[in-house]
Amino acid sequence: MSLRNAACIAGAFEHPTRLAPDMTTPQLHAECAAGALADAGLSLSDVDGYFCATDAPGFGPISMIDYLGLTVRHTDSTEMGGCTYIQHVAHAAQAIATGKCSVALITLAGRPRSEAVQRFRPGAPESAFEQWVGLTNHTSYGMCAGRHMHEFGTTSEQLAWIKVAASHHAQHNPHAMLPKVVTVEDVVNSPTIADPLHRLDCCVTTDGGGALVVVSPEIARTLNRPVISLLGAGEATKGPSGGLALDLTTSAAAQSGPRAFEEAGVTPADIKYASIYDSFTITVLLQLEDLGFCAKGEGGKFVADGNLISGSGKLPFNTDGGGLCNNHPMFRGGITKVIEAVRQLRGEAAPAVQVPNCDLAVATGIGGSLGARHGAATIILERQS
Amino acid sequence: MSTRKLLAPQPNPETDAFWDGLGEGVLRIKTCESCGQPHYYPRHICPHCGSEKTRWLESAGCGEIYSLSVMRRGEGAPFAVAYVTLDEGPALMTNLVADDLDTLAIGQRVRLAPQASDADTVGDGPSLPFFTPSGD
Ligand SMILES: [Zn+2]
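Quick note, the sequences are listed as chains A and B, same order. Sequential numbering of the first sequence, starting at 215, is according to this note's numbering. Sequential numbering of the second sequence, starting at 83, is according to this note's numbering.
These are computed hints drawn from the structure, not numbers from a lab. Backbone N, C-alpha and C fix where the C-beta goes; we use that ideal spot for every residue, glycine too. Some hints could be false.
A short, non-exhaustive set of chain A residues, derived as facing chain B with CB atoms under 10 Å [as the list claims (entries may be wrong)]:
#, residue
1, 345
2, 460
3, 585
Covered, in the sense of this in silico footprint (three residues per stretch, anywhere, with C-beta under 8 Å from a C-beta of chain B), are these stretches of chain A [to be verified]:
#, segment
4, 334-344
5, 405-415
6, 447-457
My request is simple: use the sequences and hints to build the entire structure.
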């Protein structure tokens, strides 16, 4: 069974807040759910499938389904870090294709700026061997960038172009956390956080969230919205595998990407718009190579000179400003990647960054820790005529 | 030396021998009698082939830096996080110690330099497998 055209994204909503000291996390989930359902022209009573991950407080779907007032016949709390929600779209399509539900609601929310949040569950088998190392995402992704520079001659200036492109897009987003356009010099002259990554190589930290509504093709055709169909999906995980397979210059997207493209029956050259998970600039670079937008090691040259800027570059990416400049709610940029892809396919992106005739898009992400062990999820979306 | 707290590893039956060895200055990794391949961090069951026939193997404690990143901000900064590829094959995540962290580089030879962790209460906890340039 293929997921090609098995389901459609009918609703997408990004919460406008970036700082929510006076709200609760469940409330944010509920506001996102309401927003996505309203966008689709559906209501809570239409939902018969619910998807959430560990950002959902309490007992995951059991707590949230009761809180939201849902009655569902299918739940999924798949967890793969920040890219989970891209994966949830594919899992929702699987559930819809097998008749387990017909209207799936996916929510993400959190308030890392307003409350202490637990990001990792204790007791991981690697903990005793790694927790004392002081590995943060900065050093984890820093090691990937350092190795990529060592093997391929990638430069800090090339990585900086990724932030520059995101900032060019963020200036047109009234909700963006960092709406100011920056230059390559601004990025490389910002303080080093963890070699070779500078402060401006990092994404923002935001309170907020988002939601998606995935429906059967039959339901999608009854709604007064453009039909955005899932063409293909892939997922993968990668780790050091006992220390013999350590390779910090290739991500699990080298597996999830080709799987998604094969199922969709399209190639990277066909893609009009790309949402690429951007926790750090290096995260984008590796995924561009791993999805096949350029050869391994050529990512630095590919992103340089504004090639990712909508309107002038060859591959418009993260036209909302991405996690680098707009929003990275709860340290998780997966759902916002799907939301901006949906906006582009509907023609609802900010006019200055809207890609003309955008009928085919990819959303791809990394979850976990790229330099330690991580997952990847990729989906290909098409606007049906 | 860094002032950050070096979290003491919690002992468990699967890895006690690793920490005991390190207390004696010996880095033990695991190898597999079924597939012949070593692994790190140590597991009861081989991650390469699924065999239970794993046994401890003394590493010479020498290797080279695969990649590193010096943390410049926050508690105990600066400190160097790295992967070291052991001569026996497996890579391990570690901290590098050096008088000048800016002299550390990918490909540099390093050797084991056990470092006491901070116990949960007072005194020293189990030794940790830090590495330092070996000069060869
Ligand atoms: Zn084996």
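Hints, verified against the model:
1. With a least beta-carbon distance of about 5 Å to chain B, the hint placing residue 345 of chain A at the interface is held under the 10 Å criterion.
2. Given hint, residue 460 of chain A at the interface with chain B, holds; its Cβ is 4 Å from that chain's nearest Cβ, closer than 10 Å.
3. This hint holds: residue 585 of chain A has a C-beta 8 Å from the nearest C-beta of chain B, less than the 10 Å allowed.
4. Chain B is given as covering the segment 334-344 of chain A, and this holds because 6 residues of the stretch bring a CB closer than 8 Å to a CB of that chain, at least three being needed.
5. Only residues whose beta carbon comes within less than 8 Å of a beta carbon in chain B count, and the segment 405-415 of chain A has 7; three or more means the coverage holds.
6. By the rule of at least three residues with a Cβ nearer than 8 Å to a Cβ of chain B, the coverage given for the segment 447-457 of chain A holds, with 4 such residues.
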